[in-house]
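**Student:** The primary structure of each chain is shown beneath.
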Amino acid sequence: MKAQMSLEHIAPAYRKLALLDDKQRITSIYTDRWINYPEVNSIRAVVRAVYEMPRKIQAQCVLVSALSGMGKTSLFTKIESDIETLRKRNQDYGGCISFGMPPDPTFSGFEEIVGEALGVPIGKIRNGVIPTTFSRLAHLRNLRMILIDEVHNLLNANRMDQRKSLALLRAMSGPPLSLSIVAFGIDDAEFAILGDDQLKRRFQIYKLPLWKEDDRFRSFLAAYESILPLKKPSELWRKDRVKFLLSSTGGITGDIVKYITRGAVWAILDRKEEIDMACLEKAVDIPPYVE
Amino acid sequence: MRSNALFGGLLKPVPQEALSSWLVRGGQSKNYLPFLRAMDCLKRHDVQDADIALTAKVEEVLSKTFGLPIECLRQSFPVLGDWLKIPPFRRNQFCEHCLYDDFRSGRQPSLRSTWFYWWFTVCPVHGCLLIDNPTLPISKSGISASDALFNLLQWGGLMDRYGHAPWYTQKSFASWWRRYLSWAPFKKLRTMALCFQNWYLASIKREEFVIGSVKIKATIDEWQLFMGDLLAVIGKKRSYPFDRKSYIARLLDLKSWSTLSSSFSPVVGCEPFLCADIGEHSPNIRMAMFALLGLFLKLPGCIRVWQLGRKSMLDDSYIERFWRGMHSDAERQPSYLQWLKKRAVGWNPLIAEHFRYLLNDSPRRA
Chain A
1 MKAQMSLEHI APAYRKLALL DDKQRITSIY TDRWINYPEV NSIRAVVRAV
51 YEMPRKIQAQ CVLVSALSGM GKTSLFTKIE SDIETLRKRN QDYGGCISFG
101 MPPDPTFSGF EEIVGEALGV PIGKIRNGVI PTTFSRLAHL RNLRMILIDE
151 VHNLLNANRM DQRKSLALLR AMSGPPLSLS IVAFGIDDAE FAILGDDQLK
201 RRFQIYKLPL WKEDDRFRSF LAAYESILPL KKPSELWRKD RVKFLLSSTG
251 GITGDIVKYI TRGAVWAILD RKEEIDMACL EKAVDIPPYV E
Chain B
1001 MRSNALFGGL LKPVPQEALS SWLVRGGQSK NYLPFLRAMD CLKRHDVQDA
1051 DIALTAKVEE VLSKTFGLPI ECLRQSFPVL GDWLKIPPFR RNQFCEHCLY
1101 DDFRSGRQPS LRSTWFYWWF TVCPVHGCLL IDNPTLPISK SGISASDALF
1151 NLLQWGGLMD RYGHAPWYTQ KSFASWWRRY LSWAPFKKLR TMALCFQNWY
1201 LASIKREEFV IGSVKIKATI DEWQLFMGDL LAVIGKKRSY PFDRKSYIAR
1251 LLDLKSWSTL SSSFSPVVGC EPFLCADIGE HSPNIRMAMF ALLGLFLKLP
1301 GCIRVWQLGR KSMLDDSYIE RFWRGMHSDA ERQPSYLQWL KKRAVGWNPL
1351 IAEHFRYLLN DSPRRA
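Chains A and B are the protein sequences, given in the same order.
Counting from 1, one number per residue, gives the positions in the first sequence under the numbering used here.
Counting from 1001, one number per residue, gives the positions in the second sequence under the numbering used here.
The set of hints was computed from the structure by calculation and includes no laboratory data.
C-beta atoms are modelled at their ideal positions from N, C-alpha and C, and glycine is treated no differently.
It is possible that part of the hints are untrue.
[As the list claims (entries may be wrong)] Using C-beta positions, here's what the derived DEER-type ranges look like:
1) A:F191 / B:I1052: 41 to 47 Å
2) A:W34 / B:P1300: 58 to 64 Å
3) A:G109 / B:A1053: 39 to 45 Å
[To be verified] Here chain B is said to cover these stretches of chain A; the calculated rule only asks that three of the stretch's residues, wherever they fall, bring their Cβ under 8 Å from a Cβ of chain B:
4) 111-120
5) 129-139
Let the sequences and hints guide you as you build the complete structure.
**Tutor:** Spelled out as structure tokens, the structure:
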């Protein structure tokens, strides 16, 4: 009988979750989920296009910048798995390595982190020249792309290390390796990367804008609602809820998702089964406590 | 067969991967926590070498840590006994092509458990000689596969010599080495060593030793004792200038000094010249030793390969004469045969009976 309950507001793949007990539904609400929206879709398409592009003398590079909490790291992880899927589907496709820039990115630390991402040490970089070992490793794995998260951390290094690291990135994106670099970071990342004139020309910049009251945001909310295992529709796209979410979060994706998930848990705990304004207001102030 | 479902969420081991290597690789994977916990647990239980038969308690703890059945762990990381197992601090023998293949396929290179045995000299996947790199810095726990690959690439490794790499440059040594690897006697010995290796692996897995159609009932330890004695004679050294060049050195066309030479005087008897540590020899000599051991045991595969290119058929007396030449090419008091006869007292009677031709003073007339 339960199955006949109208769950049409939930996406078909998630409907079975709504039939679970409260504890399991709460766990499912807190699980990280990926929601596609036009901006991230276009960035994913750009990265795929760059990855599939024939090798060029000066590789096309991409910088994705956004404010903190806009979902850069989630997008980074999604792109990592996109590339891995593409590579598995086609053996001829090249390899890709990904890593996060450490908060204290000394030049030797940069060497180490590239080595860790490859799984084999790359040797010492001297005079800005790429070590032969790295070239050979890149050749063996037919390396095409490097994904770097938190690239703005480059600014934490001293001026000399910054210049060396940028020179290394420049050398990697130029011949003979011609690796496409896809970097993610907060707005400062632009200052970090574009400090080098030659690099500046190779990078195309994409931004993840803050949410504002428009159809784009409403469709994002509707998409998020469709994966929540609540038994009644919440209609998050309604004007009052949209206005409330935007005013309390400033349009930051992370905060919006946080309040929606908290609101959904409150909706279960309060036996309402829909996120109403009261749930959202509680979600902003108090994280739900499950006994 | 390992299934993805069993290792769900964990890094899947590659076939024959050593447990220690899997732990290191897993420790750098996305789901690294179970691997770090497993390494801590091994440390707590004072397990210095993860690639030996673990105690039931340690197995249970590992099984709980990974959420895998004990049987699955045993099947994924089988231990092939202790015979001629290389101690951890000397484990630097590997197949470079396996390391390249690992890396090419997008994973971190890994060590295979079979590379930890001196009797494993030829890669069954690539059919090439396992190499060791004495310049590689080895820690207490052995080398890591990543360091081995780094070292190979940094110093050009043997890849340049094989000429498979695109950055290959012509060098006199490179061209000699390539010729040497494709030299017919070398290839023959390599195939024979592979035959012996496959026979031994199959025998320890079945726990029965069959030669041709004869099953010889003896324990693995008794076989190991017997083969160890034969290897001591096969890998014996010569004293320059008193003795002729060692047979293996002639087979391998080793023109200058090799580990088959010793500075002892012949008057010290035969024992100091016997090969007590197979690891002291270079990989090609080790390979030849196991190839000849297979021949002297009359393994059909080894005999067939040795026969290739010969006009006359090999009969039993050929191998017996060959063995006689092997142990009597250097005069010692007591002789190598006397030493072997003394050792034969400790052999399993069935082994001693089957291989009595190895203890004959004079060859049987055909």
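**Student:** What hints, given by number in increasing order, does this structure fail?
**Tutor:** Hint check: 1 fails alone, others pass.
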